[in-house]
Amino acid sequence: MINPMPKSIDRGPNLSAERFVKRYRSEKYFKYLGLFAIGIALSMLIVLTSSIIFKGHSAFWQTHIAIDVQITSEDVASISNANFRGITRTSIRSEFPEVKSRRDKKQLYKLFSNGISFEIKEYFFKNKIQSGGIYRVWVKASADIDMLRKGFINRDLEETNRRISDKQLKWYDQLDQEGRIEKKFNVTFFTAADSREPEQAGILGALVGSILTLFITLILSFPIGVGAAIYLEEFAKKNYWSDLIEVNINNLAAVPSIVFGLLGLAVLLNWFGMPRSAPIAGGAVLALMTLPTIIISSRSALKAVPPSIREAALGMGASRLQTMLHHVVPLAMPGMLTGAIIGMAQALGETAPLLMMGMVAFIVDVPGNLTDAATVLPVQIFLWADAPERAFVERTSAAIMVLLLFLVTMNLVAILLRKHFERRW
Amino acid sequence: MNTFSFICIFLIVLSGAYIFGHRYALSSVKNSTELHSLPSYHGFYVAIWFAFPALIVLVFWYFIEPIIIKSILLESIRTTAFLGSTTPDLLLNDIKNLATNSFALKSASAVKLELVNRYLELKSLGIYLKIVILFSIGMLGIFIARKKLSPKMRARQSVERVFTLVLGVCSIIAILTTIGIVLSLLFESIRFFNKVSPAEFLFGLHWSPQTALRSDQIGASGAFGAVPIFAGTLLITLIAMIVAIPIGLLSAIYMAEYASPKFRNWIKPTLEILAGVPTVVYGFFAALTVAPVIRGFGESMGLSVASESALAAGLVMGVMIIPFISSLSDDIINAVPQSLRDGSYAMGATKSETIKKVVLPAALPGIAGSILLAVSRAIGETMIVVMAAGLAAKLTANPLEAVTTVTVQIVTLLVGDQEFDSPKTLAAFALGLVLFVVTLILNIVALIIVRKYREKYD
Amino acid sequence: MTAKPKMSAKNVGVSYNGKVALSEVSIDFLEHDVISLIGPSGCGKSTFLRCLNRMNDTIDGCVVSGEIQLDNYNIYSSEIDPVEVRARVGMVFQKPNPFPKSIYDNICYGPRIHGMANSRDELDEIVEWSLTSAGLWEEVKDRLNEPGTGLSGGQQQRLCIARSIAIHPEVILMDEPCSALDPIATAKIEELLGQLRSKFTIIIVTHSMQQAARISNRTAFFHLGELIEEGKTDDIFTVPKDERTQSYITGRIG
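Protein chains in written order, with our numbering: chain C, 680 to 1104; chain U, 46 to 503; chain H, 136 to 389.
For reference, chain C alone in the conformation it holds in the complex:
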């Protein structure tokens, strides 16, 4: 029999209006707290990307100055022998005849990038100019003038506090009034390798380095990762050993990337004597690092293929390997490729292990070979971020934009691949 109800129960739940108001207020707060948290995370993403774009967009334009180059017909006739340095300097001086002293001349030349004599030579060579005379050539301004043009240098500051002297400002204004200063698309940024001079620095070297490194990473980690996945998923007996491999792979996926760098340094560079700074060594380290990602995603792709397919093939008298290669692997391939692309995107953004592998060197050539010294895009960003010149800040941001563009593209391809081949069994 049921005992008499105690008073506290008999009263029943407190359903009074004021209590409900309170409960619903905390309900609302809690919900908005969650939304607020998501809002903060999203706004961080927005702040991050917009600050990069804000800082970096100007790097895609470079200030150019038009100079009237006076060239003799003899020089034109033998471009390769002509002293373009001299020609350039004479041309610049003739624009400003009042500049006499050596110090002033030096300051005057500093309006321009120190590589303009090559630019001018290139101009005559490319346009196949046959006769002497005066030609107007647009050449790169120096990084300081570029910064001035883009508004990053405050001309109201004391002369000693800015990188441009009063005289230089006067010349700049004079050129500007004549309409001889213009911002043009920064082609160099995409066609040059690193340089000490911001206006001559580009990302091509790092980009090619990244591509070579990723090539090595891909050809090593994809076949090995897929092979390991097939073995673990289809051939290995479930026992202590396979458990160990499983745990090991999961843990390897969470090992800090810098530890892989130490491994690469100690084993690949010092033990096997692979070339330092080379894409082949960097790529090998990244391959070891992405291997767990590829194994894990390939295994889940294989798991998603229903056992009935295997049974059907085995029932037709196919061997296990034939079943795998003819039926299961082709069906799992889109999933494996998706995993590989995501792994490659990870590898593309990785910096720390490559620092250990010596890919931080200052390299002015575009690498042409897997064993050449090279750097990669993220490391280039790291190097530029450290550079003191103001002009490198915008280039760093621009390089980040290029890197992010690649990552976004790779991830989009992975998403589309997954969407396109997604199969419901």
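In case anyone wonders, no lab produced these hints; they're calculated from the structure.
Take the hints with a grain of salt, since some may be wrong.
To be verified - The calculated DSS-like cross-link candidates involving lysine-lysine, where the alpha carbons are at most 25 angstroms apart (straight line), are: (1) H/LYS236 to U/LYS501; (2) U/LYS402 to H/LYS154; (3) U/LYS313 to U/LYS401; (4) C/LYS917 to U/LYS396; (5) U/LYS307 to U/LYS396; (6) U/LYS401 to C/LYS707; (7) H/LYS236 to H/LYS276; (8) U/LYS497 to H/LYS236; (9) H/LYS276 to C/LYS686; (10) C/LYS807 to C/LYS863; (11) U/LYS175 to U/LYS115; (12) U/LYS307 to H/LYS154; (13) H/LYS323 to H/LYS145; (14) C/LYS807 to C/LYS829; (15) U/LYS175 to U/LYS197; (16) H/LYS323 to H/LYS367; (17) H/LYS334 to C/LYS686; (18) C/LYS805 to C/LYS863; (19) U/LYS157 to C/LYS701; (20) C/LYS916 to U/LYS497; (21) C/LYS710 to C/LYS785; (22) C/LYS707 to C/LYS686; (23) U/LYS401 to C/LYS710; (24) C/LYS982 to U/LYS168; (25) C/LYS829 to C/LYS862; (26) U/LYS402 to C/LYS707; (27) U/LYS307 to C/LYS707; (28) U/LYS396 to C/LYS707.
Claimed, not checked - Some chain H residues judged to face chain U by a derived CB distance under 7 angstroms, without partners named: (29) THR193; (30) VAL218; (31) ARG221; (32) ALA222; (33) MET226; (34) ASN232; (35) PHE234; (36) PRO235; (37) ILE248; (38) GLY250.
From a predicted model like this one, the values you see are computed outputs, not experimental measurements.
We put the CB at the ideal spot given by N, CA and C, even for glycine.
The hints should help you fit chains U and H onto chain C, whose structure is shown.
Relative to chain C, chains U and H alone:
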């Protein structure tokens, strides 16, 4: 002969072997059904007999060649009796470096030049010898295979056994990687601990590895106490967690419990972008955007803020960690069975009461696991701290000061010139060992917790 | 019959994402009755039960039409709060679902959220009474701080019953509460229901006709999303008015 053409020739001979096996099998019978295995398996059989012995020799060669060259060169060093102040090993390294650097070679001394030439000679001799031996062994393999081929031969079984073996070897590479990490870290760390005692390293309060560069101070006492580094790492990790745990967890709760499926399918990958942004980008953001803001803000409040403050690095790292917590916690919360929620709703609980009092306690172990994984991620993060935290190994709990971390020290000690005998370089490996062990323990514990949790509700 | 019904449903229909699961159900439930809802699986009896305390609100795409009255309030009217409805109409589920907390906290959950106890003593009192009423007190009184998930299936289900009576609901809904239990545990729960009827109105879904016959005084038969007939349990099992009821209780459909 460069590597590329070598690989090409190898592949050409390999396909030749396959075609030979294929043809031979077909020509040995009138009707292809008389063969036990498909002719392609005979082709593979021969190709394997070519490739395997050759590859084994190649691997063997890579291990043996440096040793042989070294001993020959050491012999000639001894005969020329040219040593000066260096040891033979150092000289050998010098020569190897010179051989790859034609620029420095111009200014090398005549004796060294001779040794470099000798080295290069040996190298090129080695390459030719390698190719000759490789291909003759391969040919021998083909010859043996040709003897074994017959229509009744079970070629398929043999080929498949080899393929399975290759797949198995692939899966062992993951284990080998771990072993490689452990051994290389241990080996170098032991060398380090021969010079600096482990107790001093783990409990010492003073860290200044640079002083050890001076020859009179090698292993100078008090220079390798890593406590300030560990403290700095913990400080930054703590700041990161203070940012990431509330934001990540609340986002996860919203996504799992309140958001419509459509919103959730959209917001979850969007938040995961935060984890996909390369860390060097965060580092740049921390150093050039966040740090100046914090500094300006701090100074307007009358506080002195270091230009590379722990706060800036920690905050940005926290942002990076958010998705690690939000995504995994979202999965975990989703795994809490609906029946528990129903039970709570049926008692007249509101949604937030259900979440706070039933769902979160039920999900707690899994959430703890995801937080541990995030902590391990934060401890091992390198680029943000390299770019935004400092190098000063200071023992402080003030987030406005510059601190240094384990990963920063590893990078600074190893980037640039390395001498593999100085404790400075070896210290990086000892730090790496600590980092590896700590993150490994965190990961294993986290994975066990999460797995147990999943099993409970499956 | 002159007594005012405790709950009554009028023309209740339910659809999931446009698919009709239940249509035109009208039925009255009197206070202190035990009403069984029987019928073949998929007939809509559980769906109907979940309408009675608005548990269907938690399922996306579920639309309820018609009205259900609890003491003359339409629980589906816009000014009524489902949380309040559920505090007054408790529910016990098919699978025991104790919260992953101690036995004590499981019972206290409802009283705490509804602000029922003013002191620790009152909470203790509530726990003891609820567990005693659910016939569990003697078995667990020494381990109130152990997790509720550690009990056996039958004990867990009685814990869930104790949990729901701790807030003194007016109606208790039970969705096949014994289907996951062994016969001995089932017998205990059935015995418990017999005792609880003096205090609560109980509406129970069961797939076992024998159980319905044993425990309820009224029975409603559902088939293919419709309420076929409702009446005294004895009448339904001996002189069913509808041919389909006849077929079901004689085992020809189901």
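Run the distance test for U/LYS401 versus C/LYS707: straight-line Cα separation, threshold 25 angstroms.
This hinted pair holds, its Cα atoms lying about 13 angstroms apart.
Can the hint on H/ASN232 be confirmed by a CB-to-CB distance to chain U that is less than 7 angstroms?
Check passed: Cβ of H/ASN232 comes within 4 angstroms of chain U, closer than 7 angstroms.
Given the hint that U/LYS175 pairs with U/LYS115, test it: the Cα-Cα distance must not exceed 25 angstroms.
Holds, at about 17 angstroms.
Does the CB of H/VAL218 sit less than 7 angstroms away from some CB of chain U?
H/VAL218 check passes; min Cβ-Cβ to chain U is 5 angstroms, inside 7 angstroms.
Holds or violated: H/LYS236 with H/LYS276, Cα cutoff 25 angstroms?
holds (16 angstroms)
Given hint H/ARG221 near chain U, where the shortest CB pair must fall under 7 angstroms:
holds (4 angstroms)
Given the hinted pair C/LYS807 and C/LYS863, is their Cα-Cα distance within 25 angstroms?
Roughly 23 angstroms between the alpha carbons, so the hint for C/LYS807 and C/LYS863 holds.
Satisfaction of hint between H/LYS236 and U/LYS497, Cα-Cα up to 25 angstroms
holds (17 angstroms)
Holds or violated: is there a CB of chain U closer than 7 angstroms to the CB of H/MET226?
holds (4 angstroms)
Restraint status (C-alpha distance of U/LYS313 to U/LYS401 at most 25 angstroms)
holds (22 angstroms)
Can the restraint linking C/LYS805 and C/LYS863 be considered satisfied, given a maximum Cα separation of 25 angstroms?
holds (19 angstroms)
Do the alpha carbons of U/LYS175 and U/LYS197 lie within 25 angstroms of each other, as the hint requires?
violated (36 angstroms)
Hints 2, 4, 13, 14, 15, 19, 21, 22, 24, 38 from the list above are not met by this structure, while the remaining hints are.
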